[in-house]
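**Q** Chains as they are written, first to last, in the numbering used here: chain A, 50 to 290; chain B, -17 to 270; chain C, 195 to 497.
Treat the hints as calculated values from the structure; they're not laboratory data. Please read these numbers as outputs of a predicted model, since none were measured by experiment. We put the beta carbon where it would ideally sit given N, CA and C, even for glycine. Certain hints may be false.
[Unchecked claim] Restraint ranges, calculated between C-beta atoms of paired labels, are given here:
#1 G88(A) - V58(B): 51 to 57 Å
#2 V157(A) - D332(C): 52 to 58 Å
#3 R182(A) - A208(C): 40 to 46 Å
#4 V157(A) - R76(B): 30 to 36 Å
#5 Q264(B) - W355(C): 36 to 42 Å
#6 R76(B) - L348(C): 53 to 59 Å
#7 Q77(A) - L199(C): 42 to 48 Å
#8 R137(A) - N418(C): 40 to 46 Å
#9 R76(B) - T420(C): 25 to 31 Å
#10 R182(A) - V58(B): 39 to 45 Å
#11 P202(C) - R182(A): 56 to 62 Å
#12 R137(A) - L488(C): 16 to 22 Å
Here is how the chains run, residue by residue.
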Amino acid sequence: MSFLSIENATKSFGGLKAVNDVSFTVEQGEIVGLLGPNGSGKTTLLNLVSGALPATSGRIALEGHALTGKRPDLIARAGVARTFQLVRILPSLTLEENVMIPAVFGTVAHWGAAAEAVAREALETVGLTDAGRRAGDLTYIDQKRLELARALAAEPRLLLLDEWLAGLNPTELAEGIALIRSLRETGITIVMVEHILEAVRALCPRCVVMNSGTLIADGATEKVLSDPHVIAAYLGEVEDA
Amino acid sequence: MLLTTLILGLVLGGTYALLALGLTIQYGIARIMNLAYGELTLLAGFALVALFKGLGLPPLAALLLIAPAGYALGWVLYAVMMRPLVARSGGTGRLEVDSILATFGLLFLLQGIMLVLFGANFTSISYLDRGVDILGVSVALNRLIAFGICVVVGGALTLALTRSRWGLVMRAVALTPGSAPLVGIDVNRIARQGFALGTALAATGGASIAMYQTFSATDGVVFTMRALIIVIMGGVGNVTGALIAGFALGLVETFVATAIDPGLTLAATFAIFLAVLLWRPQGLFGRA
Amino acid sequence: MTRFLPAPALALLAALPLWLSDYGLGLMIGMVTYVTLASAWALFSGHTRYVSLATVAFYGTGAYTVAVLNEALPYPLVLLCAGGIGAAMALVVGLSTLRLAGVYFVIFTFGLAELVRQLITWYEVNVTGTLGRYIFLDVTAKGIYWQMLGLGALTIGLTAWIHRHRLGLALRVIGDDEVVAAHSGINLARTKLIAFTLSATIITLAGAIASPRWVYVEPSIVFNPTVSFLTVIMALLGGANRLWGPLLGAVPLFLLFEWLSVDFPDTYPIFLGLLFIGVVFAFPNGVLAGVESLRHRLKERRA
């Protein structure tokens, strides 16, 4: 039984099939890259896994327990955490309060000093200091770090990253890659949607590729990246001369 | 008896449909949840009565004055009150809460003005209330005229929104206000037009209702409530849905009033609302 | 320092009736009632930003319950019934709307008072045949004042406790971003339902406690829309998401309302409407938040 199994997942919006019969599995501790051109359904697939959107059909299971059809808070408590493509932090709360939330309302349900300790540890991992600041005052890169800290404070078993490395300058990118690499040691399973090939090559031994809602490749990263179908999906078909 | 209910219900439903049209446009295009909608309707009603009793102006002629006046009032309200809120919200969901609160205040303001100007008593005019025979049912001529106005205006609006370029622009803003500027649409201007159009429709509806119904300055909440429920039932921003839902509500209310009790019409409306909420909150015709 | 202020202040307020005239006591009852209403309103709507416009639906229900039951049951039992009915109403509203987007909740509460008023009127006219009812209770004005003071203190105390409890954090998160809240493990519907039911029950009890002042009660008297209106503007003005915000808004606005309704009996709704709009524009987060950000800016300038 795989750690995360996605079987024939489909999501339709009226006539449009944003996710069309996608199936793949992820083993515990793997870091898998989820690639594909814009509009291929990657974020929608993540939304299906995290429960942000209900699936039209198909089955998504974590260690055999079905996630499909469950409310997002139940999925979160099953050990799934995520970041969002457009950063969602809570501006009126402090950094510590922001990060504390999943620690308080997650499976382990810490409170008081224990929750604060978890929050502070997560903040340290991502490199944020001064936990008493208001989150609304943060810079963009720090907001991203805050969101990752919040996801980590949930002590998740499955981490979903939605283009977390986007919009970073080269120094920040290197730091970001190092940070995700360091998470590997905790045994956490990661599915990351990413466009930056340098990061994908550095972090993901395996990739799955989507195009227009369907899965077109699933395998070792270098093999997938040189697959002509994948290249065609990103660059368009090359006409024979 | 069933035929009477059917015909009277449809006639009433026509007015309700028109009423809801204005609100669905205001919410769908301008993103303003206007809780003072009923008061705007009543203002028009009072204006009609005042023009009729004071100047002897026939209601149909008064309507030609009231509808544009409603548009102008909506234009001013948007520019002065709503635009600053839109700017302040920066495209977040904050606008909905702000517009709810601001129009809640506006509701009291308008109601206060009407109470001062017209008092709290019931008002009505007696105009063309002889009966007309429709399929064996006697319907008051003024109700039929009101119904006719609603059908004409509602039909014209639906056509305009679906067939004209102006309508296309309106619908674009309603669907994706974020992308509209990318294709050169001035969202602020369209939102203002939408809001003003909504007020004009409210005014038309109010003036039509005043032709045959008694009303008072405190009836606003019930009018707004009905319009809101029709908008939800039809799907927000869905013009055809609002029309159908309006007719449906008119039928249900007339049925309840004749077969059960006239005092339970609001309860019936709420019951329908509850049913929609529990079963299909995006509206009977809305997209999931 | 501020932590030790409430207790002696409360004692002082409790002792007030010994020195006040009848008029003064009546004024204090009104003020404490609105402090309670505004604080109870803010308990739910302040943080979650789900605006409830149904305050008087619950307040009036509480009063009407007393009107119906005051000769049939002992007073404490009547209060219990009122609270129970308020909670039941809240559950109906909450279960049907709090699982959906906020606007449905607002719409439902908007028409609720009118619905309840019409239902009660219909029932009284057609089934029981008694439209007006009398409250002949042995409760003095002082008694009402002390009960309301107790309820108000309880409400503010409850709010303070919730702030320090998980529920308070959950409500604040829900108010900021429901998607994040759900993805962090918060059960949205249940959290909102609990807070709303608490809020509504307190408001219903306030109506029940205040009702003996009326003696003669009719649906159109107890379901006065101005109550819903004043509650919201008071909480907004002071700061709906601060502990003392509703109180700070209620006190001056209540006095203003008293003065306006006496000196301008016909035109005061116009003033109130303008004031309400003004508050929405000038103090969107309440006066307390405004003062806080001013202090913050002054501190930064000094640094």
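**Q** Please go over all the hints and tell whether each is borne out by the structure.
**A** Do the hints match the structure? See the list:
Checked against the given bound of 51 to 57 Å, the beta carbons of G88(A) and V58(B), roughly 42 Å apart, lie outside it. In this structure the hint that V157(A) and D332(C) lie 52 to 58 Å apart at CB holds, the actual value being about 54 Å. At about 42 Å, the CB distance of R182(A) to A208(C) agrees with the hint of 40 to 46 Å. Take V157(A) and R76(B): their Cβ atoms lie about 34 Å apart, and the range 30 to 36 Å holds.
For the hinted restraint 36 to 42 Å between Q264(B) and W355(C), the CB-CB distance of approximately 38 Å keeps it satisfied. Range check, R76(B) to L348(C): Cβ separation about 32 Å, and the 53 to 59 Å hint is violated. A beta carbon spacing of about 56 Å between Q77(A) and L199(C) contradicts the range 42 to 48 Å that was offered as a hint. Under the hint 40 to 46 Å, the C-beta atoms of R137(A) and N418(C), about 41 Å apart, fit the expected range.
Restraint check, R76(B) to T420(C): a C-beta distance of roughly 27 Å satisfies the suggested window 25 to 31 Å. Under the hint 39 to 45 Å, the C-beta atoms of R182(A) and V58(B), about 43 Å apart, fit the expected range. Evaluation of the 56 to 62 Å hint for P202(C) and R182(A) yields a failure: the beta carbon distance comes to about 36 Å. Checked against the given bound of 16 to 22 Å, the beta carbons of R137(A) and L488(C), roughly 29 Å apart, lie outside it.
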